[in-house]
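There are 2 protein chains.
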Amino acid sequence: MAESDARASLAPDADPGYVEAVVDLLAVVSYGEISAFERLAEDAKLAPTLRDKLDLATVASTELAKVAALHERIRHFGADPFEAMGPFRNPIEEFHAHTAPSDWYEGLVKAYVGDGLANDFYREIAQFLDPDTRDLIVSSTAEGSHAEFVVDRVRAAIAADPRLGGRLALWGRRLMGEALTQAQRIAADRDALSALLAGGLDRPGLDLAELGRMFTRLTERHMARMGELGLDA
Amino acid sequence: MAESDARASLAPDADPGYVEAVVDLLAVVSYGEISAFERLAEDAKLAPTLRDKLDLATVASTELAKVAALHERIRHFGADPFEAMGPFRNPIEEFHAHTAPSDWYEGLVKAYVGDGLANDFYREIAQFLDPDTRDLIVSSTAEGSHAEFVVDRVRAAIAADPRLGGRLALWGRRLMGEALTQAQRIAADRDALSALLAGGLDRPGLDLAELGRMFTRLTERHMARMGELGLDA
Numbered sequence: 001m002a003e004s005d006a007r008a009s010l011a012p013d014a015d016p017g018y019v020e021a022v023v024d025l026l027a028v029v030s031y032g033e034i035s036a037f038e039r040l041a042e043d044a045k046l047a048p049t050l051r052d053k054l055d056l057a058t059v060a061s062t063e064l065a066k067v068a069a070l071h072e073r074i075r076h077f078g079a080d081p082f083e084a085m086g087p088f089r090n091p092i093e094e095f096h097a098h099t100a101p102s103d104w105y106e107g108l109v110k111a112y113v114g115d116g117l118a119n120d121f122y123r124e125i126a127q128f129l130d131p132d133t134r135d136l137i138v139s140s141t142a143e144g145s146h147a148e149f150v151v152d153r154v155r156a157a158i159a160a161d162p163r164l165g166g167r168l169a170l171w172g173r174r175l176m177g178e179a180l181t182q183a184q185r186i187a188a189d190r191d192a193l194s195a196l197l198a199g200g201l202d203r204p205g206l207d208l209a210e211l212g213r214m215f216t217r218l219t220e221r222h223m224a225r226m227g228e229l230g231l232d233a
Numbered sequence: 001m002a003e004s005d006a007r008a009s010l011a012p013d014a015d016p017g018y019v020e021a022v023v024d025l026l027a028v029v030s031y032g033e034i035s036a037f038e039r040l041a042e043d044a045k046l047a048p049t050l051r052d053k054l055d056l057a058t059v060a061s062t063e064l065a066k067v068a069a070l071h072e073r074i075r076h077f078g079a080d081p082f083e084a085m086g087p088f089r090n091p092i093e094e095f096h097a098h099t100a101p102s103d104w105y106e107g108l109v110k111a112y113v114g115d116g117l118a119n120d121f122y123r124e125i126a127q128f129l130d131p132d133t134r135d136l137i138v139s140s141t142a143e144g145s146h147a148e149f150v151v152d153r154v155r156a157a158i159a160a161d162p163r164l165g166g167r168l169a170l171w172g173r174r175l176m177g178e179a180l181t182q183a184q185r186i187a188a189d190r191d192a193l194s195a196l197l198a199g200g201l202d203r204p205g206l207d208l209a210e211l212g213r214m215f216t217r218l219t220e221r222h223m224a225r226m227g228e229l230g231l232d233a
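Protein chains in written order, with full-length UniProt numbering: chain A, 1 to 233; chain B, 1 to 233.
Just so you know, these hints were derived from the structure itself, not from any lab.
Given the structure is predicted, the values throughout are model-derived calculations rather than measurements.
Nothing false has been slipped in among the hints.
Given that identical chains are not distinguished, each listed pair holds provided it fits within a single copy or across any two copies.
With a straight-line cut-off of 16 Å between C-alpha atoms, the simulated EDC-like cross-links for lysine to aspartate or glutamate are:
{"hint": "1", "residue 1": "Lys53", "residue 2": "Glu93"}
{"hint": "2", "residue 1": "Lys53", "residue 2": "Glu83"}
{"hint": "3", "residue 1": "Lys45", "residue 2": "Glu93"}
{"hint": "4", "residue 1": "Lys53", "residue 2": "Glu42"}
Using the sequences and the hints, build the whole thing.
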């Protein structure tokens, strides 16, 4: 209890570099959720049935509901959530602009594979954070109930039209490529976040070998998700 | 408790006309919420700031969150929610097609004045229902936290640009007119729902004088909402 309290109150006197990095991470996850809401609400228009539309709209709302706690944590570290989200609008919006689904199924695969990839990445970084922030990031990026819904719909559609499987497999690879492009851009722009990964005097970080293993884990989980959908990664 | 149980289990052996009417009402409210979600999520794109966007997106999600309980109640009465909503898609979508906001403030006024009007109407009808359904309708149509948000934003905008007040006052009148048009269309198409209002052998209904008083109450509440926004009704 005492230890958890001490860590929970890390905020004001914490290492400024750490605070900057953690606020960055909370902000990118927050803006990611807001942007996921917008995109999923938009994709819901493509739904073939009202039931599908309601299901995807519910997924959208679930993403948005996570924002309030993330913003509260940003304020705990003395930052303004809207200012903090600013630097991440462009990379995230560009990711979406480059991966606008052309139909309902591309939208579903993106919701599952794209969000899964981003969430895995955030959870990897969260391991370097104070326990309270780490737990918040982990719970904010938990796979929602929409996983099952997407898997069911996509598998059924591929069974009915096997050519769809080939197209969606290519689509999954494109999502991976665009996500990496934007992640590199964020890493290049946000020094504190990169420094967090690299470690500091009093904090362990990732050496190149560990960075490689992290990338391997992310790739393996991406392939597992593609497999779940019945797609070649 | 016993009395409430008896009423809660009204479903299977209830008067078929009553069941049809109550399923209609639950369905029109459900579809109204889904449609409100879609429209508010769309209007959020017009938000002048990210904070405004998040606030309106949160309103959208709040509306959608009410659907699950309404659908559960429709199933309690032995009907399928998606079939039940079918007849209401056209009138509600036409209402939205005829009242597409041309800017952020028209969207806000529509969210406040249009939803307020519909909700008042549903609550009036709910007075004729079994207590469990009535309570559900009343809680599903409660004014959310968005009321305050909309009032603040619209009043501030009119203070900054008084001409906006004139345009939004006309817009509020148009919303009222379109809502009445679609309500009449629903009343003409859905006999059971109209019969519920008119009453039956064992159920009190509205005579013409009472219908007039109901209309007066709806109009007064509409004018009060317009006044809240600083607009002439």
